[in-house]
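Here the protein sequences come in this chain order: A and B. Under my numbering, the first sequence has 170 at position 170, and the numbering climbs by one with no breaks. Under my numbering, the second sequence has 9 at position 9, and the numbering climbs by one with no breaks.
No lab work stands behind these hints, which were simulated from the structure alone. Take the hints with a grain of salt, since some may be wrong.
[Claimed, not checked] Chain B side only, calculated, beta carbon under 7 Å to chain A, not exhaustive: (1) ILE140; (2) ARG148; (3) PHE149; (4) VAL228.
No experiment lies behind these values; they were computed from the predicted model shown. Glycine included, each C-beta is placed from N, C-alpha and C at the ideal position.
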Amino acid sequence: MRHLRKILAIVAKDLIAELRTREMLGAMFVFALLVIFIFNFAFELRAENQRTLAPGVLWVAITFSGMLGLSRSFIREKDRGSLEGLLLAPVDRGVIFLGKMLGNALFIVVTDLIILPVFVVLFNIPIATLPRLGTIAILGTIGLSGVGTLFSAMAVHTRAREILLPVLLFPLIVPVILSTVKLSAAVIDNLPLAEVRQWFSLLVVFDLVFVVLSFLFFDYVVEE
Amino acid sequence: MKHFNHLVTGLFILTGLLMLGAIVLALGIAPDPVNLATPTERFAQRIFYFHVPNWWVGFLAYLVAAIAGVLYLISRREQWDAVGVSSIEIGLAFNTIGLISGSIWAKPTWNTWWTWEPRLTTAAIGWLMYVGYLMLRSAIENSQRRARFAAVFSILAFLDVPIIFLAIRWWRTIHPVVIGTEGGQGVGGFALGPTIQLVFFFCLGTFTLLYVTLMLVRLRVEFLSQRVERLRQHLMFR
Numbered sequence: 001m002r003h004l005r006k007i008l009a010i011v012a013k014d015l016i017a018e019l020r021t022r023e024m025l026g027a028m029f030v031f032a033l034l035v036i037f038i039f040n041f042a043f044e045l046r047a048e049n050q051r052t053l054a055p056g057v058l059w060v061a062i063t064f065s066g067m068l069g070l071s072r073s074f075i076r077e078k079d080r081g082s083l084e085g086l087l088l089a090p091v092d093r094g095v096i097f098l099g100k101m102l103g104n105a106l107f108i109v110v111t112d113l114i115i116l117p118v119f120v121v122l123f124n125i126p127i128a129t130l131p132r133l134g135t136i137a138i139l140g141t142i143g144l145s146g147v148g149t150l151f152s153a154m155a156v157h158t159r160a161r162e163i164l165l166p167v168l169l170f171p172l173i174v175p176v177i178l179s180t181v182k183l184s185a186a187v188i189d190n191l192p193l194a195e196v197r198q199w200f201s202l203l204v205v206f207d208l209v210f211v212v213l214s215f216l217f218f219d220y221v222v223e224e
Numbered sequence: 001m002k003h004f005n006h007l008v009t010g011l012f013i014l015t016g017l018l019m020l021g022a023i024v025l026a027l028g029i030a031p032d033p034v035n036l037a038t039p040t041e042r043f044a045q046r047i048f049y050f051h052v053p054n055w056w057v058g059f060l061a062y063l064v065a066a067i068a069g070v071l072y073l074i075s076r077r078e079q080w081d082a083v084g085v086s087s088i089e090i091g092l093a094f095n096t097i098g099l100i101s102g103s104i105w106a107k108p109t110w111n112t113w114w115t116w117e118p119r120l121t122t123a124a125i126g127w128l129m130y131v132g133y134l135m136l137r138s139a140i141e142n143s144q145r146r147a148r149f150a151a152v153f154s155i156l157a158f159l160d161v162p163i164i165f166l167a168i169r170w171w172r173t174i175h176p177v178v179i180g181t182e183g184g185q186g187v188g189g190f191a192l193g194p195t196i197q198l199v200f201f202f203c204l205g206t207f208t209l210l211y212v213t214l215m216l217v218r219l220r221v222e223f224l225s226q227r228v229e230r231l232r233q234h235l236m237f238r
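Only chain B is shown next, with the shape it has when bound in the complex:
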C-alpha cells in the first residue's frame, strides 16, 4: 500500500506538470488553423486540444468498464467490479465536461449552444445511460447482485453506443471530422498541420495519463471501502 501511495503521488505531480505544459502548448505554441476566417473562430478552436482528448478519455473509461464487466462475469472477483464502477464514474465526469466544453465551442462556431447532431446526441444519451448505471447500483444492497447487474448493464450500454450513433448519424451532420480523410469538412472544421498535430497528441497523452491517475486514486478508495465492508461483516458475525 505504501508503494502504491508513492506511485499515486508521483503520477499526480507528473500529470500536473504535463497538464501545465498542455495549457501552454494549446494556448501559446499551437498555430492558428489556416482556413478559419474570424478571430472568434480561431480563438474558440483552441478548445479542441482539450475537448477531443477529453472525449477520448470518456470513451476509454466506458470501454474499460465494459471489459471489466465481462471479466467480472467470468471470474466473479470483486476487483473487477471496483474497476467497472471507478471507470464509469470517471467516464461520466469527463462526459459531462465534454458536453459543456462542446457547448462552449459550438456557440461561436455553429452559433448555437446545442444541436441534435449525431455526436452530441449520442454523447447526451450515453450520459443518461451511465447516470442510469449509477442509479441502478445505488438501488441494490446485495453487493454480489449489484456487481452482476452493473456488469450486465455496462456491457449492454457499451454495445448499444455504436448502434445509437449510427441511427442518429443518418440525420444531417455538421460536426467537424478533423481526423481521417474527410479533414476540414463540416461547419467549423479545419485542417491539421504538423505542429497542431504534435500539440494535439501531447494533450491526448496527458489526458490519458490523467485518466490512469484518477483511476488509481478511485480504485484505492473502492478497495478500501470493500475492506471496511469485509471488516464490518467480520466483526458482526464474530
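Extracted from the complex, chain A is given alone in its bound form:
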C-alpha cells in the first residue's frame, strides 16, 4: 500500500506536467492518425482488402505513436534537470520504474482509446468490437511500455538519445506486435476466442516476463 501511493504520486506528477504543457498526448494522437492516413495512401485501401490490412495499420499506428511518448518520457526529465531529483527521492528504484511505466502506459492507452473509434469508423468495422479491441490495446500497451520505459531510461544517457530507442525497442517487441495483430484480426473477423487463445497467452506471458525483467534491471540502468 505504501508503495502504491508512491507509484501513484509519480504517475500524478507526469499527468500534471502533461496537463500543463500538453506537449505529448496531442502529438501522439495526431501522429497515430497520420500513420493511418499514410497507410491509406500507400496501400490504396479499398473495401476488398480493408479488413485484412486493418489490424496491421492499427498496430503500426499505436506502436509508432507510443514510441513518441516513450522517448519523451525520460528526455523531458533530463532536460529539466528533474531526473536527479526523481532518483534522489527516498523511494525504491523499482517504485520509480513502476511509476514511470504506469505513466507511459497511461498516455499510450489514452491515445489508443481516442484513436480506436476513429479507426473503427474509417475502416468500417462494427462498433461492437470496440471493447475487445480496447482490451487488446491495453494488453499490448503494457508489453510496449514495460521494456520501453527501461530502454527510454537507457537511451536518454546516450549521445543518440531518441533515435536509439526505436532501433533498440522494435526488434524486442516483435512478439507483442505479432500477437496483437493476430488478436485484432480475430476480433474484426469475429472469430471465437478459442481459435486465438495461444496468441492471447503469448501476449500475457510476454507482458509479465518483460515487465518483471525491466523492473529488475531498472536499478542497473539508473545507478550513478
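Using the hints, position chain B against chain A.
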C-alpha cells in the same frame, strides 16, 4: 602475454588445418543424401555442413555474451564486458554469414532467396537486435555505463529470442528439421546417414574451435584497448 600469443598462433594453425579437412570432407567424402531428387538439390545440400555449424556458433556467441552480461552485473569486472562485446561481434559476423549462406541454400531448394519462415525471421530479427547492441555501445562514452547498459541489453535480447521464435513459429514452417525425430521433414529436408553425421559433427567441432580462436584474438584486442585507456587516464591525471 607471450604464452598467450603462442597459444593463439597454435590455435590458428590447428583451426586452419581442421577447416581444410572440413572442406574436403564436406565436398568430397560425405555421400549424397538418399532422398534428394535433383542434382542441384544434392549439390546445394552440401552447404549444410557449413551453414548449420555456422548457426551453432552464432547462437553460442550470443549465449556466452548473455552469461558474460550476468557475470558483469554481479562482479562489475570489466573483463566480463570485454567478453560480452567480443562474443557479440563474432556472433554478429556468423549471423550475417548464416543469413547469406541460408539464402544461397534456399534459392535452389525452396526456389526463393527469402521467405518469412520462423528460423529465417528470428535470425533476421536477432541480427537487428545485436546491431542495435553495437549502436548502443558506440553512443555511450562512460565505459562503466556502457558496460552496464550493454550487459542489460544482451541479457534481455537473448531471453527474447525464444519468445520471438515461438511467435513466428505459429505461422507455417518449411525449414527442414534434420536433427531429432522429425528428420527429413520440410521442403529440402533429408535423412542423416552415419557418414553424413560424422562429417557434420567434424564440421561442428571445427567451427566451435574457430569461435574459440577468434574469441581469444578479439579478447586480446579488447584487453589491450582497455589497457591503453587506463594508461591514457593515468598520464592525464598525473
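Practice item. Give me the numbers of the hints this structure contradicts, sorted from smallest to largest. Key: 4
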